[in-house]
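Just so you know, the sequences run in chain order A and B.
Just so you know, we're using this note's numbering here: the first sequence kicks off at 10 and counts up by one.
Just so you know, we're using this note's numbering here: the second sequence kicks off at 4 and counts up by one.
FYI, nobody ran anything at the bench for these hints, they're computed from the structure.
Please note: incorrect hints may appear among the correct ones.
Said to hold, decoys possible - In silico DMTMM-like links for lysine to aspartate or glutamate, alpha-carbon gap of 20 Å or less: (1) A:K149 - B:D446; (2) B:K450 - B:E363; (3) B:K105 - B:D161; (4) A:K149 - A:E416; (5) A:K149 - A:D285; (6) B:K450 - A:D145.
To be verified - Rough simulated footprint, nothing fancy, chain A against chain B, three-plus residues with beta-carbon under 8 Å: (7) 202-211; (8) 220-228; (9) 298-306; (10) 388-402; (11) 409-423; (12) 437-445.
Claimed, not checked - Quick list of the computed label-pair ranges, beta carbon to beta carbon: (13) B:A303 - A:F434: 55 to 65 Å; (14) A:R495 - B:L39: 44 to 54 Å; (15) B:W54 - A:G530: 41 to 51 Å.
Nothing here was measured: the structure is a model prediction, and the numbers come from that model.
Using N, Cα and C, we set each Cβ at its ideal position, and we do this for glycine too.
Each chain, letter by letter, is given below.
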Amino acid sequence: MIQILLVATLAWPLAFLAACFVRPWRPRALAWQFLAPAPGLAAGLMGLSGPPVSVSALGFVLRLDAPGALLLAFAALLWIVVSATLWRDKDARFGVCWLLTMIGSLGVFVAGDLVSFYLLYALVSLPAYGLFAFSDDPEKQRAGAVYLAFALAGEAVLLAAFALLAAGAPQGVGIAEVMAALPASPWRGAVLVLVVAGFGMKMGLVPFNGWMPLNYRAAPIPVAAVLSGAGVKAGVIGLLRFLPFEAPLAEAGGALAILGFVTAFYGVVVGLTQRDAKNVLAYSSISQMGVISAALGLGLAAGQVSAAGDMAFYAANHLLVKAALFVALGALAVRRPVWALALAGALALSLAGLPLTGGALAKLASKAQFDAGWAKVLATLSSIGSAMLMTHFLTRLVSGEAEAASETPVPLARVWPALALGALFLPWAFAVDPGKALTLDALWDGFWPVAIGVALAPVWRRLSVPQIPTGDSIVFFERGFARLVRLGPAFERADVGLRQWPAAGVSLLVIVLALLAAGLGDFVR
Amino acid sequence: MTAPGGELLVFAVLTPVLGILLSFARGGRAAEAITLALAPVGLVLAGFVAWLVAWSGAPLVYEIGGLAPPLGIALRADGASATMMVVTALIVPAAAFYAREKFATPQGGESRSALTFWIMLQAIWAALNLVFLGSDLFNLYVALELLTFAAVPLVCIDGRPETLAAALRYLLFALFGSISYLLGVALLYGGYGTLDIVLLGQKIEGTPLVWTAAALMTAGLLAKTALFPLHIWLPPAHANAPAAASAVLSGLVVKGSFFLALRLWFYVLPGLPIAAPAALLGALGGCAALFGSILALRQARLKLLVAYSTVAQIGYLFLMFPLAAAPAGGALGWSGGFMQVLAHAFAKAAMFLSAGVLAEALGHDRIAQFGGAARALPLTFLTLGLGGLSLMGLPPSGGFEAKWFLLRACAASGQWIWAVPILGGGLLAGGYVFRILAPALGDGEVKVKASPRRSQELVALGLVVIALALAFAPENFFEFIRIGRPLAGGGAS
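Required output: the full structure, derived from the provided sequences and hints.
Below, the structure written as structure tokens:
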């Protein structure tokens, strides 16, 4: 049964996609596409317990284990909610991109071999361009181009990583097989660097974080919700899958932990200078991905196999909360009743680990990694930072922008309270030991960093720090890119020169001589 | 010894020749009908040859006149040549089917350009089959000349001055290449008294004479393959030819001379230490992949962009030399290089055909004015996008499969440097595919001059689907293309 659901996780949305190419079926396929993630949801819920399940067909392997199942279930739920409320009269171009992104987003959690993972990872990255960048607005075009550049660069880096993984494991390209062979592989160091760089581009780790605020600001709210919620988790599952937690690697783990903490604080500091609420949420995502990377790095350093499951839970919590916060921008843009503000406040501070929210459980899940010493101090500081940043977000939310309302379909705004409550309390149903979060110690541990953060936020506002441009370091990347583009005419001139008869004749002669020399070199020796 | 079924090889070469003769004899309207009627015959023959090679697991040989080399000459189909024959038998008919509109003979009359097109198309097919089957270096020279002389008229078939200039450039530079190749052949004949590939492969030694011959022959073949920096003729020729001709020229004709370069280095010289010259060829290929992609990024016209993309993709092919010659991971390099040949053949043919549909429908092929064109021509842009997927090396596509093999070969043989053009070229390809697709998929209105022909769009789509389906090639396929390839040390695998 679960095997069938596992195949259907991909096959069923693919059927919707195929239906989009038959003109008479297209409107219906698009209108009913919220049903497409249903098998994924079911498979995710069934796969939460029990041993990993795998199916192979057509040379592809699908594999569902507990961390993947949790993320799959949460991602499928989010896709269902947002798709169901999505406006129905969107054009086919948008619908096809939506379905492709959905397939990739669900698929990465169940991909069992390198090639399927690479394919599905490309699907969750590239077609998302079509969800926000087809526009005459130059700012959206810029966001799209930057997004695609990072996505393609990430693909290239990962292809190199995967080729090394496969070359190190002659017995097969299943993820389980290549990961078993990795600790003994001669290319272990290179693989780890490439894996962190590649997935880091998707997660917005410093210095690859600049595309994220541009993307979320350009994207309409439903798109920002699924991309920030489900899309980014493709990077998280990548790290979960391709870091060898069985073997303690102190240097690599330590380096990743430092990178993660730097990103966590960088996101908070830059986020605090932003005025656009979407930007604040984007920087909060960057910061949270930094926390996850830091925990994974510490887990890697200590050889904690449980780190993958813990961080899957942390990421699943972030998945729903971040999506609900984006929808809140639209739902609360015009009317802001007190109960809704309270709900949004709880949701926002959940990211800082506010007691009784899902965030408190997520924080508890990371306890094994941030157990002592400097790691514990930094993790607490990052909670305080998150609380400051989210308080800042709430002030931006209250001074809301009316255009956020027009971006949000009415049904999605209506369903927002349910989505927010789900984000706050669903994690309780999936936590390993939720009782632990209700002890007095845990409540107090969760409470005081949030309280300090909330109290510090107004102090920070007094300081009136100048606003850092959206996408911070992206400005430097763009400047470097512009400099490269300026080299273009030189290449054209070189081409014209090389394609003159005398130059071509000389080239031919030089090639003959060089080949001769290369051949004779061996002969002489 | 001629193996049972060896006569098929003769039929495979003679079928298009028969078509040419019949076309001359009947003239006019018959040429088109004859080409299209013989296409399935050619496909069946190629498929049958491939089946026989796969079934026996050994090359299929036909000794002409019953005389064994070195006295006589032989036709020899191994896994690689059988595969290329099948590819040819798929792409040439597709181009022919596509060209029916443009090169239809007017009622009751006879059009010179139509007759030329159909005859030259069949001549290319015959020449390619001879290139793939030939087992004698002089015989292959003849095949190569036939290929060039059949390809050049296709470039200038519509008689515009710029196409004539492009064709002349192509012809002259190809002649340089021929002379260089022929000189090398003469040297080898002087040294060994035979030009049979198998016999030479057994006798060859690393003497200065052999290296001189190899250098001359290779340079000649590079000139005909348009490897950077010898791509002097390719962009104008491929961009100015009619779409159907460009598809054949870019997809197949440049692969003919590349195939001979493979024959030379991996079949004639396998026993020699070829690491250094192979690295030189790889370096040229790597430069081609990067340089061609950058130039493709800067083109204003779609056909020129696609032509420069061919310059880049030819570069990937030459990475096969250092990677397949390496003792470790050589099999991966061979599979990857061959997959690149196939993926590029289908994807590029499909893209040139699509560019043709586009130019007909819009009346121009200036990329800057594609805004919103995907809504008017959804199928064509789907084809361009899927072809681009393969060029970029994203799954599921033959292009991805090729890079996947080549990168693993880089890792296994420790030749890191080749990963740079493979990955960098992929990124740049992403850039130029983006340049075509992003404006077309965006908002905007284009004026459609003539609605596209559905049949032409479907032919291009069919080719690109094959390029994608290559991603699902089973493991046996890669064993098949190794049939008959001698390995270093003289043993045949």
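Hints versus structure:
Restraint check for K149 (chain A) and D446 (chain B): satisfied, since their Cα atoms lie roughly 13 Å apart, inside the 20 Å limit. Only pairs whose Cα atoms come within 20 Å are accepted, and K450 (chain B) paired with E363 (chain B) is accepted, the gap being roughly 12 Å. For the suggested pair K105 (chain B) and D161 (chain B), the alpha carbons sit about 11 Å apart, so the restraint of at most 20 Å is met. For the suggested pair K149 (chain A) and E416 (chain A), the alpha carbons sit about 14 Å apart, so the restraint of at most 20 Å is met.
With a CA separation close to 15 Å, the supplied pair K149 (chain A) and D285 (chain A) stays within the 20 Å bound. Distance restraint check for K450 (chain B) and D145 (chain A): the Cα-Cα separation of roughly 19 Å lies within the 20 Å cut-off, and the hinted pair is therefore satisfied. As drawn, the segment 202-211 of chain B meets chain A at 3 residues by the rule of a beta-carbon pair under 8 Å; at three or more, the given contact holds. Counting residues of the segment 220-228 of chain B whose beta carbon lies closer than 8 Å to any beta carbon of chain A gives 4, which meets the minimum of three for the stated coverage.
Three residues within the 8 Å Cβ limit are the bar, and the segment 298-306 of chain B against chain A gives 3, so the coverage statement holds. For a cut-off of 8 Å, the count of residues in the segment 388-402 of chain B with a CB near a CB of chain A stands at 5, and the three-residue condition holds. With 6 residues carrying a beta carbon less than 8 Å from a beta carbon of chain A, the segment 409-423 of chain B meets the three-residue requirement, and the given coverage holds. Remark: the segment 437-445 of chain B is confirmed as covered by chain A, as 4 of its residues place a Cβ nearer than 8 Å to a Cβ of that chain, reaching the required three.
Restraint check, A303 (chain B) to F434 (chain A): a C-beta distance of roughly 57 Å satisfies the suggested window 55 to 65 Å. A hinted range of 44 to 54 Å for the beta carbons of R495 (chain A) and L39 (chain B) is consistent with their spacing of about 51 Å. Taken as a hint, the range 41 to 51 Å holds for the pair W54 (chain B) and G530 (chain A), whose Cβ atoms sit roughly 44 Å apart.
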